[in-house]
Amino acid sequence: MPKSTQVSLLLGDQMMFKSILTNLLIMLISTFSFANTLKVGLVLDKGGKDDKSFNAAAYLGATKAQKDLKIDLKYVEATDTNAIENLHRSFARKNFDLVIGIGFAQKDAVQKVAAQFPKVKFAIVDGEINAANVRSLLFEEHEGSFLVGALAAMTSKTNSVGFVGGMDIPLIRRFAMGYVAGAKYINPKITTTENYVGVTGEAWNNPAKAKELALAQFAKGADVIYAGAGASNTGVFDAAEDKKKFAIGCDSNQNWIKPGVILTSMLKAVDVAVYDTIKETQEGKFTGGVSRFGLKNKGVDYTLDQYNEKLIPAETRKKLEDIKAKIIAGQIQVPDYYKKK
Amino acid sequence: MEFMLLVFSLLFATLRLATPLIFASMGGFMSERSGVVNVALEGFMLAGAFAGAVVGYSFDSAWLGWGAALIAGLAMGAFYAFFTIELKADQIITGMAVNLLVMGLIPFITKILYSSTGSTPALLLEDRFRFEPMLMAFILVTALTYWLYKTRSGLWLLFAGEHPEALVASGVSVRKVRWAAVSLSGVFAAWGGTSLSLFLASSYSPMMTGGRGFMALAALIFGKWRPLPAFLACLLFAFADAVQIRLQGMHIGNFEIPVQFIQILPYVVTIIALAGFIGKSRAPKALGK
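Here the protein sequences come in this chain order: A and B.
First residue of the first sequence: 381, per the working numbering; consecutive thereafter.
First residue of the second sequence: 13, per the working numbering; consecutive thereafter.
Hints are supplied without guarantee of correctness; some may be wrong.
Derived list of chain A stretches under chain B, where covered just means 3 residues or more per stretch with a C-beta under 8 Å from a C-beta of chain B [claimed, not checked]:
1. 478–484
2. 571–583
Mimicking BS3-like on lysine-lysine, the simulated pairs with C-alpha atoms at most 27 Å apart in a straight line are [to be verified]:
3. B/Lys123 / A/Lys444
4. B/Lys236 / B/Lys100
5. B/Lys123 / A/Lys447
The hints are simulated quantities; they were obtained by calculation from the structure and are not laboratory data.
Glycine residues also receive a C-beta, built at the ideal position from the N, C-alpha and C atoms.
Generate the whole structure from the sequences, applying the supplied hints.
Here is the structure:
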C-alpha cells in the first residue's frame, strides 16, 4: 500500500471520527433542547398574570403544563395594545412551537402573525379565527352567567341584583345578558342594574372606580353584584365587604379572596383549555379550528368550595343543578349577545 | 326619603372621588406656584400609592403606609427638583421621564417582593382608611390657603413664581424656596396616590391612577393656580364622575343612553370649564423659567 493512500486513509479516519463526534454532539444537544421540549409562548393581556381572574387562569394552566409536561414556557404581559402584534411575531420568529394569545384584544394580531408564520401553531382565547394553524378557544360565558344570575336572584333579599363589567365590549355584554336572563328566570320582576367601568383597556385595572360603581348599586338597593371586570373586580369585593353584601367573582375561582363575601364565581376554565392545547400540541395532536367550552364540558360553571359552601343552602344547589341540566338539554334557551338581532 | 338617600350617596361619592384629586392638585399648586412646571404628578401619585400599599400591607397599618407615601413623595419630589432646579433640565421632558420611570420601576420591585407584575396583596378591611384622607384633604387646603396669604414664607412661594428677582433682592434664595416647594409637591401628590390604594381601593394595581394626576393639573389651572378654587374644581370633577356613575344604564323612554356618552361627562365638564367659564387663567409669570 503506497504511503499516500495510507495518509489519506488516516486522514479519512480522522475526518470520519470528527464527523461522528459532531453528529453525537448535535444529537446530544437536540435531545436536551429540541426533541422533547416543546417551546410555548404565552401572551397575556393587560390585566397581567396577577389579576386573580382571567389572565391568572391562563397563567395557571400554562405553568401547570410547564411542571407536568416539562415544556419550555415563556410568558409576556402586553402592557399596551400596540405591543401585542410584536410580541406574537417575536415568539414566532424565535421558532416557538405554540404561541397562545389571551383575550379578545389579541385577535387581530394573532390573525396577522399566524398568516405570516404558517408553520407556527397559535391558539387564542376569546377570539374566533379561521386558519389551519390557529385554534380558537371560545367559552359559552352566557351559560355560566345565567347560572350565577339565577343564584343571585335566589339569594337576593331586596329583589335587586347588579352587574359591574370592565370594558364595555360585546364579550362583557354577553356576560351581562346571560346574568340578567338567569335572574329573571327565577324572578321575572327582579330589578337589575348594569354598569361598566370604562370603554378603554384601562377599565380592567381601575378598582377604585369599580368600587364606586358597586357602592352606587348597593345604595340603590341591590344586594348581590356580579363582577366581570378583570383586576377591577377587587373593587367590587371591597364594596361588598364594606356594605356586608354579596359579590360574585368571575373567570377564575375567586371565592378565596374574601370568604363569606363572595357568593360564588363564574368559572371560565381558561386554565384547562390552555393546558389541554399545550398537551395536545406536545402529543402532535394539534388541530386548528374552534373549540367551544360550555356547561356541557365544564368549560364554564359556578364554583362551590370550602369558602362559600355555607352561603348556598342545599335546596338552592339542587335548583341550580336542575337549571344546569335544563340548559345542557336545551330546555332553557340562554340568550346570547353574539347572536342578538 | 329615597331622594335624600340618593343625594347623600352622591355627596359622599363626590367627596371620596375628590380626595386623590385634591391632594394631587395641592401638590401641583406648590410646584407650579414656585415656578416649576409639574407634569410629574401622575408619577408622584403612583409612587405614593405603591409605597403606601407595600408598607401598609407589611405592617397592617394604613397610617404607616401614609408615612411611607410621605417619604416616597419627598424622595420623588427631591429627585425631580434636582434635575429641574440644579441641572436646569427641561421641565416637561423631565416630568414625563419621571412618570415613565415610576411606571417601569414599580413592576420591577413587585417582581422581587411578591413575584407579581405590578400589583400588591390587599389590606384587610380594618387596616384600611375609613374616612381620614377626606378630612386631611380639607385640612390641607385650609392650611395652604392661610399659609399662602398670611405668612412670610407663603409670600416667598408666590414671589418665586411671579417675580424671582424681587425675592433675590430681599435676600431669600429662590433655589431653596423652589427645592422646598417641589419636594412638598411630591409629598402631597403621593398622599393623593396613597389615598387611592389605602382608602378608595385596598391594594396597588398597575396604573391605578388612570390619569388622575393630569386631571388634578387641569383642576389647578381651572382654579387659576389658587388653592381654594382648585379645590372647588376638584370637587366639580369628582361630582361629574359620581353623577356619571349613577347615570349609567339610564333610559330615556325606550332608548338606553350609550355608556360611552355618559362616561365622557367628566371630560366634557373639564373642557367646558377650561374653555368657557373661567375667563383668562393666568399662569405664574416665571413658570417654567
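Taking the hints in turn, this is what the structure says about them:
no.	hint	in the structure
1	478–484	violated (count 0)
2	571–583	holds (count 7)
3	B/Lys123 / A/Lys444	holds (20 Å)
4	B/Lys236 / B/Lys100	holds (26 Å)
5	B/Lys123 / A/Lys447	holds (21 Å)
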